[in-house]
Amino acid sequence: MFTSLFKALTNLFKKPQTIDYPVTPIEKDKDYRGLIEYGEESCIYCMKCEKACPPGAILFVKTDTPSENEKNKKGLKYNYNPYLCIYCGECVRACPKPEEALWQSNKKPEVAVRGDNVNSDWFELEKLHKS
Amino acid sequence: MIEMLLIFLAPIIGGFVYGFERIVRARMQNRQGPPLLQPFYDMLKLIDKQAFIVNPYHSILGIMHFFTLWVVVAFIILGQNLLYVIFLHLLSTIFLILAGFSVKSIYSHIGSNRELLAMIAYEPILIMLAVAFFMINGSFDISAIRENPSSIFPLILLFLAFLMVIPIKLKKSPFDATEAHQEIVGGVEVEFSGVFFEFLYMAKWLEYFFVYSLLVLFAGNNLIFAIVLALFTFLVVNLVDNATARIKMNHLIKIVVTIGLTLGMLNLIGLAYV
Amino acid sequence: MKKTINIPLGSQHISLLEPVRFKFECENEKIVGVDSDVGFVHRGVEKACTTRFKYDAVGYVVARVCGLCAITHSLSYTVAIEQLLDVEVSKKAKYLRVLLLELDRIHSHMLCLSHTCESAGFEAMFMRIMGDRELIMEIQELLTGNRIQFDYISIGGVNRDISLETAKKIVNSLDIVKQKVLGYIDEFTNNWSLSLKFKGIGALTLDEAYRFNAIGPLARASGLHIDVRNEIEYLPYKELGFKMQTHTDGDINARNIIRLNEILNSLEMCNNILAGVPEGEIVVKSKGKPSGESLVRFEAPRGELMYFVKGNATAMLDRVRIKTPTFSSIPAFSHIFMGENYADAPAILASFDPCLSCTAK
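Protein chains in written order, with numbering that gives the first Met the number 0: chain S, 0 to 130; chain W, 0 to 273; chain G, 0 to 360.
It is possible that part of the hints are untrue.
Said to hold, decoys possible - With a cut-off of at most 30 Å between alpha-carbon atoms, the simulated DSS-like pairs for lysine-lysine come out as follows: (1) K170/W with K22/G; (2) K170/W with K48/W; (3) K129/S with K22/G; (4) K288/G with K129/S; (5) K309/G with K47/S; (6) K96/S with K106/S; (7) K47/S with K73/S; (8) K103/W with K2/G; (9) K253/W with K91/G; (10) K179/G with K61/S; (11) K129/S with K53/G; (12) K171/W with K14/S; (13) K76/S with K53/G; (14) K284/G with K247/W; (15) K6/S with K168/W; (16) K91/G with K53/G; (17) K90/G with K286/G; (18) K170/W with K198/G; (19) K50/S with K91/G; (20) K47/S with K46/G; (21) K106/S with K46/G; (22) K53/G with K242/G; (23) K96/S with K61/S; (24) K286/G with K46/G; (25) K22/G with K103/W; (26) K76/S with K129/S; (27) K179/G with K14/S; (28) K168/G with K106/S; (29) K284/G with K177/G.
Keep in mind the hints are simulated off the structure, nothing from the lab.
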């Protein structure tokens, strides 16, 4: 008991170990698993990332305004949902051009609550993708 | 005039002491702690919540517990009879125990049971304290005790016994089995909600006032010694709170009765014959 | 007039980490009858593994069965699939897998110890152990990118490599943790109030442990010498210095001492791994689809974990069956509570280390 008592007494004079987050920001390491980012000019539209993603957070859907890339033969567009993603990095490992077309940054995703309805556009895209 | 002001502001002063103690306790555990005014923010939040009345006797007994304790603090400030103060404090605890037994919740019953057992353990020590002050100062009146010089040296054993009673009253480890929130979910307090819980919360602040006022009686008319004694006890009680676990009711009664009661008896016998 | 009262340690309670319901019949706070109910967190993981996800994504799904032994689930499933696909993993990947498994065991045991102290009323020790656990969480974030759900193991090896400076930082942190754990052993054996609360309470004798089929630290505290790490071949435990820890009393104090000694042994193993990581590549490509049956067992922090996987040469699996350690220990739980005081029930429950998300998958 006396070691605990002594430790409690000395803790009074030390700085606390807790951080005042989010008032004080925290720096994340460069290898932290954050959001997936896309470089459209180097993409070859092989769709390997869409097949590899476990929860299905990447969808290529036909669109009326396709990009100017010559490899985009079927007029598709890349869509990514940061709220379904589990940040495992399987898509980056499956991509044939991992640093130029698809890579993982160390940014943290945004926080949302149910009342924001952030997924209503995504459900429309899923219906378009199935048909 | 100043006494009237002190009586009126007693809960607020108790609230500041409670808030300061939470910060000290957090710093001892290496964390940051809440802001100083946290008890008052809690009060504002509790008033907003829905108050659920289980049965009318339960709520009225809870409110009576708070007001009786406020009357006790008023009597101490005005310098009345010490024995009367101790028995009135016993009455306020009995109100709380009756409130616990008046609902059908099992946790409430166990909490009231434990409160009753703890009362059997510490009441004799408080009564012996009053008798010892009478034997030294010749009267039970608090105003007379406060005008005489400090009596801590003849009463040193009773001071140690009183230090064992303080964790039971303030609900701190190792003797806080009456409000064991990990086992019986708060004991008596579990059925109070909304503004009725606010009355119990304010009663806790007044307990601090009561215990520390009884403590400075040991210092007599020496104001500086009173402040030093209060700060020293505050520090020791919080250090022991952060260094021990909570022990069960049967061990509590054994320890308090064997050590506390024997020290008190020895002191009284010593005062009578020396 | 009834002589007994029913006290619920209900599905929502302050001292529980996860929902489980016990109904105690007590005479004056002494327990005479126990009725238990698990299954409040059932999510249907086994069904989802065979209908919604392909066989290479199931490794991420089963990792989310439990928060604290996530990597053991993921590893067991991957080893079962590797046996069906005939993939030979390189030595470096095996060493890195053992490193993460032991780090996971250290932080899970620290969580259990701090929770036991908190249920006994000693909040200062709870805060202290949790504060020191942060060192381990930072190491895990350096290695894998996340603090709890690692997503580190894939079919054929591991996902990330370890560099030399990371290894040096990890060795420094592990030294600090070792000094602190030695301080905890001193505190747990010498504090008088913890002795009143822990010694002689919640005892499980050797005969009862054998009869009720107890596993994990619960059985080793009673004197039963079982540990899956002693019996498996596909991870190099013997050459890394694994030693089985046992005790004879079987009460809460014995389980705490066993967990502390296991932490020290795991720290030694991690230091041995980091001193000599072999060369090689971290992942080996695999071909084909799984077909056949396979069964693997591993040692999660709470006991023995078993996986049975059956495939039929398509991308969807036929059957995945998971047997978690807490599920096997429930008969032993219900037996220990009889004859104890109700005031000790939260502390006894916390010392078993129940993981209800594993039990009710």
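Structure-based check of all given hints:
1. K170/W with K22/G: 28 Å, holds
2. K170/W with K48/W: 25 Å, holds
3. K129/S with K22/G: 49 Å, violated
4. K288/G with K129/S: 26 Å, holds
5. K309/G with K47/S: 27 Å, holds
6. K96/S with K106/S: 21 Å, holds
7. K47/S with K73/S: With Cα atoms ~16 Å apart, K47/S and K73/S stay inside 30 Å; holds.
8. K103/W with K2/G: Since the Cα atoms of K103/W and K2/G sit roughly 16 Å apart, the hinted pair holds (cutoff 30 Å).
9. K253/W with K91/G: The given pair, whose Cα atoms are some 60 Å apart, is violated under the 30 Å limit.
10. K179/G with K61/S: 59 Å, violated
11. K129/S with K53/G: The given pair, whose Cα atoms are some 18 Å apart, holds under the 30 Å limit.
12. K171/W with K14/S: Status holds; Cα separation ~25 Å.
13. K76/S with K53/G: The given pair, whose Cα atoms are some 25 Å apart, holds under the 30 Å limit.
14. K284/G with K247/W: 60 Å, violated
15. K6/S with K168/W: The hint holds at about 25 Å.
16. K91/G with K53/G: 27 Å, holds
17. K90/G with K286/G: 20 Å, holds
18. K170/W with K198/G: 24 Å, holds
19. K50/S with K91/G: Between K50/S and K91/G the Cα gap is close to 29 Å, so the pair holds against 30 Å.
20. K47/S with K46/G: Status holds; Cα separation ~26 Å.
21. K106/S with K46/G: 34 Å, violated
22. K53/G with K242/G: 39 Å, violated
23. K96/S with K61/S: Holds, because 23 Å separates the two Cα atoms, which is no more than 30 Å.
24. K286/G with K46/G: Between K286/G and K46/G the Cα gap is close to 25 Å, so the pair holds against 30 Å.
25. K22/G with K103/W: 17 Å, holds
26. K76/S with K129/S: Between K76/S and K129/S the Cα gap is close to 15 Å, so the pair holds against 30 Å.
27. K179/G with K14/S: The given pair, whose Cα atoms are some 19 Å apart, holds under the 30 Å limit.
28. K168/G with K106/S: Judged against 30 Å, a Cα distance of about 23 Å means the pair holds.
29. K284/G with K177/G: 38 Å, violated
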